[in-house]
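**Student:** Chain W is fixed; fit chain P onto it per the hints.
Protein chains: 2
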Amino acid sequence: MNLEEKQLKKEYMYKGKIINLRRDEALLPNGKTAIREIVEHNGGVCVVPLDDDGNVYMVQQFRYPYFKVVTEIPAGKLEKGEDPLEAGKRELKEEVGAIAQNYVFLGELYPSPGYCGEIIHMYLATGLSFCDTDPDEDEFLEPVKIPLKTAVDMVLKNELADSKTQAAILKAYLLMEKGE
Amino acid sequence: MNLEEKQLKKEYMYKGKIINLRRDEALLPNGKTAIREIVEHNGGVCVVPLDDDGNVYMVQQFRYPYFKVVTEIPAGKLEKGEDPLEAGKRELKEEVGAIAQNYVFLGELYPSPGYCGEIIHMYLATGLSFCDTDPDEDEFLEPVKIPLKTAVDMVLKNELADSKTQAAILKAYLLMEKGE
Chain W
1 MNLEEKQLKK
11 EYMYKGKIIN
21 LRRDEALLPN
31 GKTAIREIVE
41 HNGGVCVVPL
51 DDDGNVYMVQ
61 QFRYPYFKVV
71 TEIPAGKLEK
81 GEDPLEAGKR
91 ELKEEVGAIA
101 QNYVFLGELY
111 PSPGYCGEII
121 HMYLATGLSF
131 CDTDPDEDEF
141 LEPVKIPLKT
151 AVDMVLKNEL
161 ADSKTQAAIL
171 KAYLLMEKGE
Chain P
1 MNLEEKQLKK
11 EYMYKGKIIN
21 LRRDEALLPN
31 GKTAIREIVE
41 HNGGVCVVPL
51 DDDGNVYMVQ
61 QFRYPYFKVV
71 TEIPAGKLEK
81 GEDPLEAGKR
91 ELKEEVGAIA
101 QNYVFLGELY
111 PSPGYCGEII
121 HMYLATGLSF
131 CDTDPDEDEF
141 LEPVKIPLKT
151 AVDMVLKNEL
161 ADSKTQAAIL
171 KAYLLMEKGE
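Protein chains in written order, with this note's numbering: chain W, 1 to 180; chain P, 1 to 180.
Bear in mind the hints are in silico, worked out from the structure with no lab data behind them. Check each hint, because a few of them may be wrong.
Identical copies carry no separate label here, and so any pair may be met within one copy or between two of them.
Quick list of in silico lysine-lysine cross-link-like pairs, DSSO-like style, CA-CA up to 30 angstroms [said to hold, decoys possible]:
(1) Lys10 - Lys68
(2) Lys80 - Lys9
(3) Lys17 - Lys6
(4) Lys68 - Lys15
(5) Lys6 - Lys68
(6) Lys68 - Lys80
(7) Lys32 - Lys68
(8) Lys32 - Lys93
(9) Lys77 - Lys157
The shape of chain W in the complex, shown without the other chains:
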């Protein structure tokens, strides 16, 4: 079955600081047309920082779209063309105050593929050493340190809602279990 769509028209409705919004006209496989609303984003990175004692480091921050504090693994936006791993190292240092000896790629994450084009690159970081945090100006973070197993239980109990945090924590746990 042919699933492919074609771009017939492309129009920017908004160009912003973090996201752009496009409203395209697409040609469907059945020859009809449809409107597609697309959020453009440079992409992101997130890191599961795991220390030698099996603890994970996360951060709590106010997330304006939900108007509440959300607990997440350290993460950030990519600058245009930035290497995801370099961005991950930067965010780990800024938000947790840590430097890691080893990085394992945990895969890509598409947050909401129906309308959003963001790709989040996920990493597991081990061999941690600690320095001072260096958050962005106007970034307010509260650190959280918990055992990886507890973080897994929190995901299973619906206590960590962020998608990248759920996926990366569970993947890190299952990969560690498999001894990889």
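**Tutor:** For chain P alone, kept in the frame of chain W given last:
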């Protein structure tokens, strides 16, 4: 540490079919102000359909923001005020052609909390019986049936990028393992 922000101004830049885009001015904990770009969405639902032989049912579809075919568990948007479980039952029938006897809530998912307000409600569905699929007009889906364990391996090998699919498949697997 106070992390809370306050809404000072609210302005819609776009009101669309699936998403709206707001550009707010927020008051930060340090007394400064910042612009917040927010994608509004009614919310979504997704279902891990697991049959008595341990197979999971997924669908492949063209995802316009990535301009490629993506494999995902069945899912859909909520109508305004719609009960997530009822929406999950509808999507399971429409996309997979299945009815489930048992539903287990797998938690909420925040796809990209920095700018997006969508909440996706996740369910595990068991006790499946099958009827005809009934996809939305202009929805083109290719079904996929694979063992849950294979789906888990695909998540770990970066072969399933969709965030709700990664989180819900791994959660379903870990909960089954714990015998819940």
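**Student:** For Lys68 vs Lys15, is the C-alpha pair at or below 30 angstroms within one copy, between two copies, both, or neither?
**Tutor:** Classified as both; 26 angstroms inside a copy, 24 angstroms across copies.
**Student:** Is it within, between, both, or neither for Lys68 and Lys80, if the alpha carbons may be no more than 30 angstroms apart?
**Tutor:** both (29 angstroms within a copy, 22 angstroms between copies)
**Student:** Could you place Lys32 and Lys68 in one of the four classes (within, between, both, neither) given a Cα distance threshold of 30 angstroms?
**Tutor:** between (42 angstroms within a copy, 19 angstroms between copies)
**Student:** Should Lys17 paired with Lys6 be assigned to within, between, both, or neither, using CA atoms and 30 angstroms as the limit?
**Tutor:** both (28 angstroms within a copy, 20 angstroms between copies)
**Student:** How would you label the pair Lys77, Lys157 (within, between, both, or neither) given a Cα cut-off of 30 angstroms?
**Tutor:** both (28 angstroms within a copy, 24 angstroms between copies)
**Student:** Between Lys80 and Lys9, at a C-alpha cutoff of 30 angstroms, which is it: within one copy, between copies, both, or neither?
**Tutor:** For Lys80 and Lys9, the Cα distance is within 30 angstroms both inside one copy (24 angstroms) and across copies (29 angstroms).
**Student:** Given identical chains, is Lys32 near Lys93, meaning Cα to Cα at most 30 angstroms, within a copy, between copies, both, or neither?
**Tutor:** Between copies only: 24 angstroms across chains, 50 angstroms inside a chain, cut-off 30 angstroms.
**Student:** Reference check for the pair Lys6 and Lys68, CA-CA at most 30 angstroms: within, between, both, or neither?
**Tutor:** between (39 angstroms within a copy, 11 angstroms between copies)
**Student:** 30 angstroms Cα cut-off: does Lys10 pair with Lys68 within a copy, between copies, both or neither?
**Tutor:** between (35 angstroms within a copy, 17 angstroms between copies)
Of the numbered hints given earlier, the model fails none.
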